[in-house]
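The hints should help you fit chain B onto chain A, whose structure is shown.
Residue numbers (the working numbering), protein chains in the order written: chain A, 358 to 732; chain B, 9 to 136.
These are computed hints drawn from the structure, not numbers from a lab.
Take these hints with a grain of salt, some might be off.
[As the list claims (entries may be wrong)] If we take Cβ atoms under 8 Å as the criterion, some of the chain B residues that face chain A in the derived model are:
| id | residue |
| --- | --- |
| 1 | 71 |
| 2 | 72 |
| 3 | 74 |
| 4 | 121 |
[Stated by the list, open to error] Pulled from the structure, derived: some chain B residues nowhere near chain A, Cβ distances all over 12 Å:
| id | residue |
| --- | --- |
| 5 | 13 |
| 6 | 27 |
| 7 | 37 |
| 8 | 46 |
| 9 | 49 |
| 10 | 52 |
| 11 | 53 |
| 12 | 56 |
| 13 | 84 |
| 14 | 86 |
| 15 | 97 |
| 16 | 113 |
| 17 | 120 |
| 18 | 123 |
| 19 | 125 |
| 20 | 132 |
C-beta atoms are modelled at their ideal positions from N, C-alpha and C, and glycine is treated no differently.
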Amino acid sequence: MTEQLKRTHLYQWHVDHGGRMVPFAGWEMPVQYPTGPIQEHHTTRRVAGLFDIDHMGQVEVRGLQAETFVNHIVTYDVRQMALYEAHYALFCYPDGGTIDDLFVYKLPDPAEKGKVYYFLVINASNREKDVAWIQAHATEFDVTVRDISDETYMLAFQGPKAPELLDRITSADVQQAPRFTAVQGTILENIPILMGRTGYTGEDGYELFFPADEALKVWNKILKEGESEGVLPIGLAARDSLRFEPCMPLYGHELSADINAVEARLTFAVSFEKEFIGRDALLKTKLEGPRRVLVGFEMVDKSVPRAEYPVMHEGEQIGVVSTGMFSPTTSKYLGMAFIPRELAAIGNEIDILIRNKPVKARIVKRPFYTPVYRR
Amino acid sequence: MNIPADCKYTKNDEWIKVEGNAGKVGITDYAQEQLSDIVFVEIVVAAGDTVKQGDACATVESVKAAADVYMPVSGKIVAINDSLPEAPDTVNKDPYGAAWMVTVEMSNPAELDSLLDAASYQAKLDQK
Chain A
358 MTEQLKRTHL YQWHVDHGGR MVPFAGWEMP VQYPTGPIQE HHTTRRVAGL FDIDHMGQVE
418 VRGLQAETFV NHIVTYDVRQ MALYEAHYAL FCYPDGGTID DLFVYKLPDP AEKGKVYYFL
478 VINASNREKD VAWIQAHATE FDVTVRDISD ETYMLAFQGP KAPELLDRIT SADVQQAPRF
538 TAVQGTILEN IPILMGRTGY TGEDGYELFF PADEALKVWN KILKEGESEG VLPIGLAARD
598 SLRFEPCMPL YGHELSADIN AVEARLTFAV SFEKEFIGRD ALLKTKLEGP RRVLVGFEMV
658 DKSVPRAEYP VMHEGEQIGV VSTGMFSPTT SKYLGMAFIP RELAAIGNEI DILIRNKPVK
718 ARIVKRPFYT PVYRR
Chain B
9 MNIPADCKYT KNDEWIKVEG NAGKVGITDY AQEQLSDIVF VEIVVAAGDT VKQGDACATV
69 ESVKAAADVY MPVSGKIVAI NDSLPEAPDT VNKDPYGAAW MVTVEMSNPA ELDSLLDAAS
129 YQAKLDQK
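The following block holds chain A by itself, in its conformation from the complex (with noise of 0.2 Å):
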């Protein structure tokens, strides 16, 4: 039986527009546009881009003990977020592996005054998972949970000229919105519209969270408000080379129940000195060090890495690769892999088994672009 691919309600839109479209968790996406991923992914990094990822799911954590169940169920301490804020974390089984990793969002309920409710964002692959594994932990507590992905409309809008652009056609300040904090105000006719300073690519930028309904709106009003900027719309393909350049995980390949936040060095997202699913695994493997770490390399000899291939050290294989491809801002081959820590250190040489062929590649520092919000 196959699977009938979801659509997203700018499908036509793609097709109409030369978007070459291609399955993706459950969904049929597009992978690029006419101008071609590496043309998206300079205009991201130079202009802006726009991002259809509907995809992604969206919770709602509402109820007396909200802050208590996400902090239960997330690895990043929610007690310290300010109103607004919006953190990095993982969701993770008992023995660490991970879930899923998401953005939470602390924000003031519009439905009732004075209170406040968790915005969880979450990945498109994951979303029936993560739903199912956040309600069956939710009956402990006094929560409601509700998945309005199918109604929340979500776009990322990225790069250097994303603020001032958006600015433009939004009733909120949105270039005072410090990085990792959210602005909620209007576009168009009192469309509601939150976006928070977030996003997937090392670039300044947002995301956009809608009622689906206006999606085909809002995405040609801000590609109109872009047009003389040269902005475009960004394919899977160039957004994977834009999050892959900072190093930014991807569910699947730099995480997924077999590999826990330590050994993907995420430990940023990880708050050890709270109780959440998952945290003495976690802290087991902290204490005493990964078996196998996430390293970057970069190709010595010319060659395309890519996922899966295997990587060797002195003829045996010591891991495979989570990622690898051109890197269009560097122009280099970079990859990055699982190797054993004793392995790990910057400048060592490894091979990368490619069409079996060792190839010769050296460790080097992550990530291999900084991300502009962190210089």
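Chain B only, in chain A's frame:
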């Protein structure tokens, strides 16, 4: 879609342009468009190598995919395009010109009859 009349084509989207007993080989405009942005080219044969029809002569990789390029005919490799690996995007820009990959001296020119002419190649693409 550019399909020059002076080339012959394989079903796998390679072209060969024959002059005398030698032929230049590359991939078609359709192939480069399907692959999209090409980021890596490796010629896997060397001048002097003897190759058979269907042998791999190059590997082309785009942002998302890798593809082998196969010899449309048998013969001896007499030249390879050394500059192509330094500028892989040439394959996107000029697939029938600067992006030639190898030149082969044919050992069995009758193999050309097994290839498609421009009209047949166009017809094959139209079926997709």
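Legend entry - Minimum Cβ distance from residue 125/B to chain A greater than 12 Å, as the annotation requires: Holds, since 29 Å exceeds 12 Å.
Legend entry - Non-interface claim for residue 113/B versus chain A (Cβ beyond 12 Å): At roughly 27 Å from the nearest Cβ of chain A, residue 113/B sits farther out than 12 Å, so the non-interface label holds.
Inset, instruction - Please settle this one: residue 53/B was flagged as non-interface, so is its CB more than 12 Å from every CB on chain A? - result: holds (15 Å)
Legend entry - When the least beta-carbon distance from residue 72/B to chain A is tested against 8 Å, hint result: The hint holds - residue 72/B has a Cβ within 8 Å of chain A, the shortest such distance being about 6 Å.
Inset, instruction - Measuring Cβ to Cβ, find out whether residue 120/B lies farther than 12 Å from everything in chain A. - result: Answer for residue 120/B: holds, closest chain A Cβ roughly 29 Å.
Inset, instruction - Could you let me know if the closest chain A CB is still more than 12 Å away from the CB of residue 37/B? - result: For residue 37/B, whose nearest Cβ neighbour in chain A is about 14 Å away, the distance exceeds 12 Å, so it holds.
Legend entry - Given as non-interface: residue 52/B, which should sit over 12 Å from chain A by C-beta: violated (9 Å)
Inset, instruction - Decide, holds or violated, for the assertion that all CB atoms of chain A are farther than 12 Å from the CB of residue 27/B. - result: holds (31 Å)
Legend entry - Satisfaction of the residue 74/B interface hint, Cβ to chain A closer than 8 Å: Holds: closest Cβ of chain A sits about 7 Å from residue 74/B, inside 8 Å.
Inset, instruction - Please settle this one: residue 56/B was flagged as non-interface, so is its CB more than 12 Å from every CB on chain A? - result: Answer for residue 56/B: holds, closest chain A Cβ roughly 21 Å.
Legend entry - Claimed clearance of chain A by residue 49/B, with the beta carbon kept past 12 Å: violated (10 Å)
Legend entry - Check on residue 84/B being off the interface with chain A, judged by Cβ distance over 12 Å: holds (24 Å)
Checked against the numbered hints above, the structure breaks hints 4, 8, 9, 10 and 15 and satisfies the rest.
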